[in-house]
Amino acid sequence: MSGSARIGWGLMAVITVLHFDFWNWETTSVVFGFMPKGLAWQAGISLAAAAGWALLMNVAWPSRVEDWAAQPSALSDEAGEDPS
Amino acid sequence: MALLLPAAETASRTPLLVVGFYLLLLIGLGVLSSRLFRGTSADFFVAERSIGPFLLLMSVFGTTMTAFALVGSTGKAWELGNGVYGLMASASGIVHSAVFFLVGIKLWAIGKRHGFRTQVQYFRGRFQSNLLGYLLFPILVALVVPYLLIGLLGAGAVMRGVTVGMFPETFAGTTLPNGRVMFEGSIPPWITGLVVCAVVLFYIFAGGLRSAAWANAFQTIVFMITGVIAFVLISSKLGGMDAATQAVIDNSPDHMTRARIGKLQFVTYMFVPLSVGMFPHLFQHWLTAKKASTFKLTTVAHPLFIGVVWVPCILIGIWAAGAGIMPPGGNPNALLPKIVQTLLQDPYLTGLLTAGILAAIMSSLDSQFVCLGTMFTHDIVMHAAGEKRFSDRAQVMLGRGFIVFVVGVTYLLTFFPPPKIFDLAVWCFSGFAALFPLVFASIYWRRTTRAGAIASVLAMVVTWGTLFYEGLIRPTLAGEEMEGDFLVAGMMPVTLIFAASTAALVLVSLMTKPPSDEHVEQFMVES
Numbered sequence: 001m002s003g004s005a006r007i008g009w010g011l012m013a014v015i016t017v018l019h020f021d022f023w024n025w026e027t028t029s030v031v032f033g034f035m036p037k038g039l040a041w042q043a044g045i046s047l048a049a050a051a052g053w054a055l056l057m058n059v060a061w062p063s064r065v066e067d068w069a070a071q072p073s074a075l076s077d078e079a080g081e082d083p084s
Numbered sequence: 085m086a087l088l089l090p091a092a093e094t095a096s097r098t099p100l101l102v103v104g105f106y107l108l109l110l111i112g113l114g115v116l117s118s119r120l121f122r123g124t125s126a127d128f129f130v131a132e133r134s135i136g137p138f139l140l141l142m143s144v145f146g147t148t149m150t151a152f153a154l155v156g157s158t159g160k161a162w163e164l165g166n167g168v169y170g171l172m173a174s175a176s177g178i179v180h181s182a183v184f185f186l187v188g189i190k191l192w193a194i195g196k197r198h199g200f201r202t203q204v205q206y207f208r209g210r211f212q213s214n215l216l217g218y219l220l221f222p223i224l225v226a227l228v229v230p231y232l233l234i235g236l237l238g239a240g241a242v243m244r245g246v247t248v249g250m251f252p253e254t255f256a257g258t259t260l261p262n263g264r265v266m267f268e269g270s271i272p273p274w275i276t277g278l279v280v281c282a283v284v285l286f287y288i289f290a291g292g293l294r295s296a297a298w299a300n301a302f303q304t305i306v307f308m309i310t311g312v313i314a315f316v317l318i319s320s321k322l323g324g325m326d327a328a329t330q331a332v333i334d335n336s337p338d339h340m341t342r343a344r345i346g347k348l349q350f351v352t353y354m355f356v357p358l359s360v361g362m363f364p365h366l367f368q369h370w371l372t373a374k375k376a377s378t379f380k381l382t383t384v385a386h387p388l389f390i391g392v393v394w395v396p397c398i399l400i401g402i403w404a405a406g407a408g409i410m411p412p413g414g415n416p417n418a419l420l421p422k423i424v425q426t427l428l429q430d431p432y433l434t435g436l437l438t439a440g441i442l443a444a445i446m447s448s449l450d451s452q453f454v455c456l457g458t459m460f461t462h463d464i465v466m467h468a469a470g471e472k473r474f475s476d477r478a479q480v481m482l483g484r485g486f487i488v489f490v491v492g493v494t495y496l497l498t499f500f501p502p503p504k505i506f507d508l509a510v511w512c513f514s515g516f517a518a519l520f521p522l523v524f525a526s527i528y529w530r531r532t533t534r535a536g537a538i539a540s541v542l543a544m545v546v547t548w549g550t551l552f553y554e555g556l557i558r559p560t561l562a563g564e565e566m567e568g569d570f571l572v573a574g575m576m577p578v579t580l581i582f583a584a585s586t587a588a589l590v591l592v593s594l595m596t597k598p599p600s601d602e603h604v605e606q607f608m609v610e611s
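Protein sequences appear in the order of chains B and R.
Mapped onto the numbering used here, the consecutive letters of the first sequence carry residue numbers 1 to 84.
Mapped onto the numbering used here, the consecutive letters of the second sequence carry residue numbers 85 to 611.
I should point out that these hints are in silico values taken from the structure, not numbers from a laboratory.
There may be inaccurate statements among the hints.
[What the hints assert, rightly or not] Computed footprint of chain B on chain R, listed as stretches where at least three residues anywhere in the stretch have a Cβ under 8 angstroms from a Cβ of chain B:
# : stretch
1 : 165 to 176
2 : 388 to 399
[To be verified] Partner residues are not named here, just some residues of chain B that face chain R (Cβ under 7 angstroms, in silico):
# : residue
3 : Ser2
4 : Trp9
5 : Val30
6 : Phe34
7 : Gly38
8 : Ala49
Don't be surprised by glycine CBs; every beta carbon is placed ideally from N, CA and C.
Next up, chain B with everything else stripped away, as it sits in the complex (with noise of 0.2 angstroms):
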């Protein structure tokens, strides 16, 4: 996995860890005039987690992945069906 790729999913992983927001638990408060904090907060994890996904897709994109699957099968007749 190259640095780039570990920087990603670091990201990723505290962007999850922020999603467990406890401190927004009994907050009453509003941002923009109508959002609950918390709403707001989570809200904006959707929007983190997208832009993590979008980095990752760059940086940790498995490259390979459509070579292999073009190879032919090598199994059995009865474990699956001819590629189509």
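Given the coordinates of chain B, assemble chain R onto it according to the supplied hints.
Only chain R this time, still in chain B's reference frame:
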């Protein structure tokens, strides 16, 4: 303080006409895609592996967002507050995309290389076990049925809510024990269920999975747009977003917090979205992707799309609590239609938004219908009778026959509805999530054995069955009032089921003879 809602002056049937027009559009789409349908089983079941990035995104998202996401989430937020978003939506944005990336792409490669069309075929091949296939098939079908049921119940609840008073001389409504009549003159759920099933069956029979994918894309766009429109209009009717939230702070401050959700419950909810790794219909969508790179758009956009749909639903749910809006009979499933009907007194808008909700529901049903037909034809009939026993056309007919059978069974189950759509969905997802260790180990752990796989499935069935009975069936049969979620030591039941299936998989695999390296090598995807 309850908001005084104005009573409808007349029950216009215009919303019904708008919904009818939308259903006709779907039928037209089915006719159009049937012109491209080649009549072959490969085209019907996997659309000749021709699904590109946009269609895959729309299909996967549309299929995942069912009545659970719209009707269920709004009702659940009305019950528990804004924390429902964190429970399911943001967690899903992380977990779903992780599963697409870590599991979906590898399964696509394995399916493409070995020609697998369903997950039962895959597991049979991976573990060289007919028994595992015959064991998995009924379990997967049994878990899909509640998923279908969620859709039909959601559609019935929505139509019942928005058509109140339209047919007072035809439909008497429901009389409560206190003598009060609810849903007077509204279309009963059995008619909505029949119509929805008929329309979806028509367009998937016309064009198979390609038709389902097209309809999914179209319906996903429709429900996302109408959802945004509904959000803007409903907030406007409540005096604006700021005022609607202020009413929650004043009248129901619990809904601004997560006071009604346990912390351990919140953490263990994270297991539930792992279900996407074992949804049969998503597995089939993965197989239909053109290339591995087709997954990129789905993985990145999925968390954003979830946010676009769920944030408005959660806000509407808590705003309803703040405004004192009560769903008929206290049933959370009926909240969204109640809001649409009482706040938006424009029949065209009501019709449009109802069509949008139905779009979300039907875009889940279609892929599942096709998937069930595929599994039955390939995993049971052709597997038992032989590949060459049936012509291509006969395979398609068999698939269609089984779809009609399962839809019929599901339809009959709608006459015995559970109290809450959201809870039924979570039970259904919990079962699939507990099968996730199996698919993950099959890709990443060479040491996984056939006996370990079977033990994992059996452990899931026993623990899930026991907890499902204790948590939903027994209280429902006993007529008990279910307050809050069913938890085990403060945790979601999925935690226990997941732990049992994982432990059985690992322990039994370590105790039994490993498969040959040559065979396992065929499933270890180079990345």
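Practice problem: Mind listing which of the numbered hints don't hold for this structure, in increasing order? | Solution: As far as the earlier hints go, 3 and 4 are violated by this structure, in ascending order.
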